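J.: Residues per chain, in single letters:
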Amino acid sequence: MKPELPLHLEFNIEGGNFTRAGFASSEIKKVLKQLDVDMAIIKRTVVASYEAEVNVVAHAYSGTMYVDIDGQTIRIALVDEGPGIPDIEAAMREGFSTASVSVREMGFGAGMGLPNIKKNADQLDLSSEVGKGTQVVITLGLGLK
Amino acid sequence: MKIRQIAEILDARVLCGSDKMDYSIEVAFASDLMSDVLTLKNDHVLLITGLANTQTIRTAEMSDIQCVVFARNKIVTEDMLELARQNEIVVLQCRYSLFRTCGLLYGAGVKPVF
Numbered sequence: 273m274k275p276e277l278p279l280h281l282e283f284n285i286e287g288g289n290f291t292r293a294g295f296a297s298s299e300i301k302k303v304l305k306q307l308d309v310d311m312a313i314i315k316r317t318v319v320a321s322y323e324a325e326v327n328v329v330a331h332a333y334s335g336t337m338y339v340d341i342d343g344q345t346i347r348i349a350l351v352d353e354g355p356g357i358p359d360i361e362a363a364m365r366e367g368f369s370t371a372s373v374s375v376r377e378m379g380f381g382a383g384m385g386l387p388n389i390k391k392n393a394d395q396l397d398l399s400s401e402v403g404k405g406t407q408v409v410i411t412l413g414l415g416l417k
Numbered sequence: 333m334k335i336r337q338i339a340e341i342l343d344a345r346v347l348c349g350s351d352k353m354d355y356s357i358e359v360a361f362a363s364d365l366m367s368d369v370l371t372l373k374n375d376h377v378l379l380i381t382g383l384a385n386t387q388t389i390r391t392a393e394m395s396d397i398q399c400v401v402f403a404r405n406k407i408v409t410e411d412m413l414e415l416a417r418q419n420e421i422v423v424l425q426c427r428y429s430l431f432r433t434c435g436l437l438y439g440a441g442v443k444p445v446f
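Chains as they are written, first to last, in this note's numbering: chain E, 273 to 417; chain V, 333 to 446.
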């Protein structure tokens, strides 16, 4: 059954809990498939949201993912409580990373996440306050008729 | 190349997805860095890895990867297999090193991504 639009979803993301990382992005993938979104657009969307989700798990204490889908676009906002990003320009640079050893052991933390989100999203908006948290907003056109 | 042939070449155990052995693979990518896997634009990718955790399967899910080979008999947990089943991902496990696994498949004509 096709979900009715507009659609709003919310997911809690637990900092440090890698066993759950990807759950929210997996749910997004299911919904986009039900909406018959083109597979290439689904892949770009969930790769971007998954990288962002992993970032919250890797760096923040806790976070929420807010997903809004209307007939044209998907907007994924990740709002976290965490250390924040002191230098956003550096964080956007490929290869720049502050990830811990445990994050690297999970196959992440090579400084590729944010640049890859930017490549896959139509738009990426990033704001952060040191000591408070970070907000990442990913927007993509869904190409629905 | 079909997953069935890949499993034969690697003398691999099929841990899940034995009903999907006729899926075709176009290219292969070997990496323990999931961020790198997530940059691939290709379809029908075979992932060869030594990194065995839930995020390996999650990465395959997000990247539409239909088959993952765990080299060196890396231990695949029931949680990983359950996630793979939900997403119709074939999981193979072989005793060869990552290097030998890649060499055998490359020699058999499996194309690299880059």
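Read the hints as simulated data drawn from the structure, not as lab findings.
Just so you know, these numbers come straight off a predicted model, no measurement behind them.
Just so you know, even glycine gets a beta-carbon here, dropped at the ideal spot from N, CA and C.
Possibly wrong hints are sitting among the right ones.
To be verified - Below are the SDA-like pairs computed for lysine to any residue, each with C-alpha atoms no more than 25 Å apart in a straight line:
1) Lys-315/E <-> Thr-386/V
2) Lys-305/E <-> Gln-418/V
3) Lys-315/E <-> Ala-440/V
4) Lys-390/E <-> Gln-418/V
What the hints assert, rightly or not - Negatives, chain V to chain E, calculated, CB over 10 Å:
5) Val-346
6) Leu-347
7) Met-366
What the hints assert, rightly or not - Beyond 10 Å from chain V on every Cβ pair, some chain E residues (computed):
8) Glu-282
9) Glu-286
10) Pro-355
11) Met-364
12) Val-373
13) Gln-395
14) Ser-399
15) Glu-401
J.: Against each hint, give a clear statement of whether it holds in the structure.
T.: Hint check:
1. Between Lys-315/E and Thr-386/V the CA atoms are separated by roughly 19 Å; this keeps the pair inside 25 Å, and the hint holds.
2. With a CA separation close to 14 Å, the supplied pair Lys-305/E and Gln-418/V stays within the 25 Å bound.
3. Between the alpha carbons of Lys-315/E and Ala-440/V the distance comes to roughly 29 Å, so the proposed pair goes past 25 Å and is violated.
4. The suggested pairing of Lys-390/E with Gln-418/V is violated, with an alpha-carbon distance near 29 Å, which exceeds 25 Å.
5. Look at Val-346/V: its CB is around 23 Å from the nearest CB on chain E, clear of 10 Å, so calling it non-interface holds up.
6. Under the 10 Å C-beta cut-off, the non-interface status given to Leu-347/V relative to chain E holds; the minimum distance is some 19 Å.
7. Residue-level check failed: Met-366/V sits 3 Å from the nearest beta carbon of chain E, not beyond 10 Å.
8. Every Cβ of chain V is farther than 10 Å from the Cβ of Glu-282/E; the closest lies at roughly 20 Å, confirming the non-interface assignment.
9. Taking the minimum C-beta to C-beta distance to chain V, about 14 Å, the non-interface status of Glu-286/E holds against the 10 Å cut.
10. Annotated as non-interface, Pro-355/E keeps its C-beta farther than 10 Å from every C-beta of chain V; the closest such distance is 20 Å.
11. A cut-off of 10 Å between C-beta atoms confirms that Met-364/E is not in contact with chain V; the least separation is 14 Å.
12. At the 10 Å boundary, the C-beta of Val-373/E stays outside the reach of chain V, the nearest C-beta of that chain being 14 Å off.
13. Listed as a non-interface residue, Gln-395/E keeps its Cβ farther than 10 Å from every Cβ of chain V; the least gap is roughly 19 Å.
14. With a least CB separation of 23 Å from chain V, Ser-399/E remains clear of the 10 Å interface cut-off, as annotated.
15. Separation of Glu-401/E from chain V is adequate, the least Cβ-Cβ distance of about 25 Å exceeding the 10 Å criterion.
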